[in-house]
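Number of protein chains: 2
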Amino acid sequence: MNYPNGSKPKPVNKPVIQTKKAVKAHLGIDFEDMINQSNAYYLQNDLCVVYKKPTPIRITKVDYPSRNRARITEAFYQVPSTTDYNGIYKGKYIDFEAKSCNGKSFSFSHIYEHQIAHLDKVRKHGGISFLIILFNDYKEVFLLDALHLVELYEDAKKGGRKSIPYSYFVEHGTKISLGINPVVDYLKAIDVVFFRN
Amino acid sequence: MNYPNGSKPKPVNKPVIQTKKAVKAHLGIDFEDMINQSNAYYLQNDLCVVYKKPTPIRITKVDYPSRNRARITEAFYQVPSTTDYNGIYKGKYIDFEAKSCNGKSFSFSHIYEHQIAHLDKVRKHGGISFLIILFNDYKEVFLLDALHLVELYEDAKKGGRKSIPYSYFVEHGTKISLGINPVVDYLKAIDVVFFRN
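Just so you know, the protein sequences line up as chains A and B, in that order. When the letters of the first sequence are read in order and numbered with my numbering, they come out as residues 3 to 199. When the letters of the second sequence are read in order and numbered with my numbering, they come out as residues 3 to 199.
Just so you know, not all the hints are guaranteed correct.
Identical copies carry no separate label here, and so any pair may be met within one copy or between two of them.
[Said to hold, decoys possible] Capping the alpha-carbon separation at 25 Å, the derived lysine-lysine pairs in DSS-like fashion look like this:
id	residue 1	residue 2
1	K190	K126
2	K126	K92
3	K63	K160
4	K190	K63
5	K63	K106
6	K160	K126
7	K164	K190
8	K190	K160
9	K141	K164
10	K106	K159
Because the hints were derived from the structure by calculation, they are not lab data.
Kindly produce the complete structure, drawing on both the sequences and the hints.
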């Protein structure tokens, strides 16, 4: 969502085309990029205002080679306090984490406990919170309401299953279309899950 | 809001005390810290869920001195895409920028045009957006509805005043109490401006 050199992606007016080829074309790019491109498309078309939060970095050393330009010479990645994405859609606060996984299930080891707690908190405050997951092996993307995620996580803590199987997403999640623009059309899934009436 | 070493601020049950001493005590700390402390207090007391977005950094070189620890050896600050703070309060999406200024007016040179546009966009999508400003010389903090900020900025672009005088904030803004906990009680000002009925 940052265009440091001022080059913005061109607005696209093409209809959404969902083909095997389109999906295949996406396999080469990172899932985060796919979500970011979708957000850029949504923003250009004024459908929602959602951004990826920057990665938190702890800066320990900075050089000033020129007056206006600070050069960071030592820094470390930090654990994010919350989730990767938040913003506003249809007047509602939305908040989600996007993950891709290999194999037949999504392991809780790939998400922080405090991120699940954050999604739960957002839900309790009247926001819309969920997980978006890409199953690489199935080439399928799902939205899962945080309600389910929290429930399963609580079960896992009590000795239940430490991962969420693909079949659970098929049954309780909502499939998200992959296309050209938007790449990951998650707003449609939000409409189905959270704006049903 | 990041507690990288796992040390969280202790929950505080003290009543809000607003004294000259309290205000004076804050003068030594950064305004951003004051807002962050307030957010931490609000979070602990489950009043809202608001976080500062991490500073965006463009990473150009990374070392891996040990398996688990990446050390960034060259990186640069980037211009933020949006504002510093967003989250949810009373079920509504809130979004704001916090600034401190010296002298008798706040100059538009201290805020990016795209940040003002972002606040305007949030407003149009049904969110609550505003500016929080600390006048160092007056030791006073105000909340200004983005509606006013956008209006004045449009005027400025058409040849109007390039800054917003303190008196404007007194007249059209809402004063925010400074205290011990929360340090900057901006939720009270939100209640006044956006939840009047």
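So, going through the hints one by one against the coordinates:
Both within a single protomer and between protomers do K190 and K126 lie at most 25 Å apart by alpha-carbon distance, with minima of 23 Å and 21 Å respectively. When the C-alpha separation of K126 and K92 is checked against a cutoff of 25 Å, the pair qualifies both within a copy, at 18 Å, and between copies, at 10 Å. For the identical chains of this complex, K63 and K160 are neighbours neither inside a copy (43 Å) nor across copies (42 Å), given an alpha-carbon limit of 25 Å. Taking identical chains as interchangeable, the C-alpha atoms of K190 and K63 are never at most 25 Å apart, the minima being 44 Å within one chain and 39 Å between chains.
When the C-alpha separation of K63 and K106 is checked against a cutoff of 25 Å, the pair qualifies neither within a copy, at 43 Å, nor between copies, at 35 Å. Taking the closest pair of Cα atoms, K160 and K126 come within 25 Å of each other only inside a single copy of the chain (22 Å); across copies the shortest separation is 44 Å, beyond that limit. Taking the shortest alpha-carbon separations for K164 and K190, neither the intra-copy value of 29 Å nor the inter-copy value of 42 Å comes in at or below 25 Å. In this assembly of identical chains, K190 and K160 lie within 25 Å of each other by CA distance neither inside one copy nor across copies; the values are 34 Å within and 40 Å between.
For a Cα distance limit of 25 Å, the shortest separation of K141 from K164 inside one copy, 22 Å, qualifies, whereas the shortest one across copies, 52 Å, does not. In this homomeric assembly, K106 and K159 come within 25 Å of each other (Cα to Cα) only inside a single copy, at 21 Å, whereas the closest approach across copies is 56 Å.
When held up to the earlier numbered hints, the structure conflicts with 3, 4, 5, 7, 8 and fits the remainder.
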